[in-house]
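Asker: Sequence:
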Amino acid sequence: MSISSISSQNLYRNYSQLSSGKRINSAADDAAGLAIAQKLLTQSNGYDVGKRNAATSQDMTKVAEGALGSINDNLQRIRELSVQAANTAVYGDSERSMMQQEIDQLKQSISDIASQTQFNTMNILDGTMGASHVASNPDGSGMEINMPNSTLAALGIADYDVTGSFDISDIDEALEKVTSARADMGVTSNRLDYAISYNSYASYNTTASRSRLEDLDYGPAISEQKKNEVLEQYRIMMQKRQEDENGRVIRLFKMIS
Numbered sequence: 001m002s003i004s005s006i007s008s009q010n011l012y013r014n015y016s017q018l019s020s021g022k023r024i025n026s027a028a029d030d031a032a033g034l035a036i037a038q039k040l041l042t043q044s045n046g047y048d049v050g051k052r053n054a055a056t057s058q059d060m061t062k063v064a065e066g067a068l069g070s071i072n073d074n075l076q077r078i079r080e081l082s083v084q085a086a087n088t089a090v091y092g093d094s095e096r097s098m099m100q101q102e103i104d105q106l107k108q109s110i111s112d113i114a115s116q117t118q119f120n121t122m123n124i125l126d127g128t129m130g131a132s133h134v135a136s137n138p139d140g141s142g143m144e145i146n147m148p149n150s151t152l153a154a155l156g157i158a159d160y161d162v163t164g165s166f167d168i169s170d171i172d173e174a175l176e177k178v179t180s181a182r183a184d185m186g187v188t189s190n191r192l193d194y195a196i197s198y199n200s201y202a203s204y205n206t207t208a209s210r211s212r213l214e215d216l217d218y219g220p221a222i223s224e225q226k227k228n229e230v231l232e233q234y235r236i237m238m239q240k241r242q243e244d245e246n247g248r249v250i251r252l253f254k255m256i257s
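For the sequence shown, our numbering begins at 1 and goes up steadily by one.
Just so you know, not all the hints are guaranteed correct.
Stated by the list, open to error - Calculated pairs, DMTMM-like style, for lysine to aspartate or glutamate (alpha carbon to alpha carbon, straight line, at most 20 Å):
hint, residue 1, residue 2
1, K177, D126
2, K62, D193
3, K62, D112
4, K62, D126
5, K177, D167
6, K62, D73
7, K62, E144
8, K177, D159
9, K62, D184
10, K39, D139
Everything labelled a hint here was simulated from the structure, so no lab data went into it. Predicted model, so just to flag it, every value in this text is computed and none were measured.
Whole structure, please, built from the sequences with the hints as guidance.
Answerer: If you want it as structure tokens, here you go:
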């Protein structure tokens with residue numbers, strides 16, 4: 001390869017680097033560096049997607065926890081009515097029947113919440129979701145989260161009726177199940193919060209490492225560009241001088257001959 005070709009290539013590389021802001025624009029610039037930078041890019045992209053996956057799943061747990069809070073409120077009211085209905089010294093069958101009407105409405109509300117609470121059009125409290133995988137790591141691995149079953153049957157109060165023989169402990173057990181499910185949602189949300197924070201930190205440092213490989217240091221790059229421009233101008237000048245010298249030699253030769 002001629003000196004002029006090398007000089008032109010160096011100058012072209014300088015312009016390419018300065019215009020893109022990157023030291024590596026092709027494998028010719030730094031083959032090993034490009035390979036490492038691409039691996040780092042793959043990893044940082046994976047961390048970013050894992051962070052989004054974890055954040056979206058955390059939103060789902062928050063929706064579930066909010067719905068469970070509403071179910072808990074309904075159960076607390078059912079328990080109040082049950083304690084009231086247990087007071088046979090004051091309340092008779094007609095009063096307990098009225099209390100049961102309200103209890104039935106509260107049970108229907110619980111049933112509606114369990115069957116209609118959705119995230120991304122998927123039911124999350126009726127037992128159909130169960131365990132699901134959260135791809136929070138850059139390689140697609142992650143954690144498993146379990147969504148609770150909060151239907152009347154799962155809570156054990158589908159046939160709860162204060163007009164006959166009833167046991168308030170059934171409501172207490174239902175409350176305990178809901179409280180436990182809410183605690184699980186809280187723990188899961190905290191785990192996902194940790195995954196989000198870790199992925200953010202890892203992505204930042206991976207991107208910084210790739211930047212050190214790829215990004216251009218403008219100070220030395222501009223100095224290199226100026227040097228190559230001077231060399232190119234000198235090469236052109238010397239080439240023109242050589243052409244002029246050759247022209248004089250040719251003219252002299254013609255005069256002699």
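Asker: Each hint should be assessed against the structure and marked as holding or not.
Answerer: Structure-based check of each hint:
1. Taking the CA atoms of K177 and D126, the gap is near 14 Å; set against the 20 Å cutoff, the hint holds.
2. Distance hint between K62 and D193 is fulfilled; the C-alpha atoms sit about 12 Å from each other, no more than 20 Å.
3. Among the hinted pairs, K62 with D112 is consistent with the structure: their alpha-carbon atoms are about 18 Å apart, no more than 20 Å.
4. With a CA separation close to 16 Å, the supplied pair K62 and D126 stays within the 20 Å bound.
5. With a C-alpha separation of about 16 Å, the suggested pair K177 and D167 falls inside the 20 Å cut-off, and the hint holds.
6. The straight-line distance between the Cα atoms of K62 and D73 is roughly 17 Å, inside the 20 Å bound, and the hint therefore holds.
7. Simply put, K62 and E144 have alpha-carbon atoms about 16 Å apart, close enough for the 20 Å limit, and the pair holds.
8. The hinted pair formed by K177 and D159 meets the criterion: a straight-line CA distance of about 17 Å does not exceed 20 Å.
9. For the hint pairing K62 with D184, the CA-to-CA distance comes to about 11 Å; that is within 20 Å, so the pair holds.
10. For the given pair, K39 sits about 12 Å from D139 by alpha-carbon distance, which is consistent with the 20 Å threshold.
This entry satisfies every hint, going by the numbered hints stated previously.
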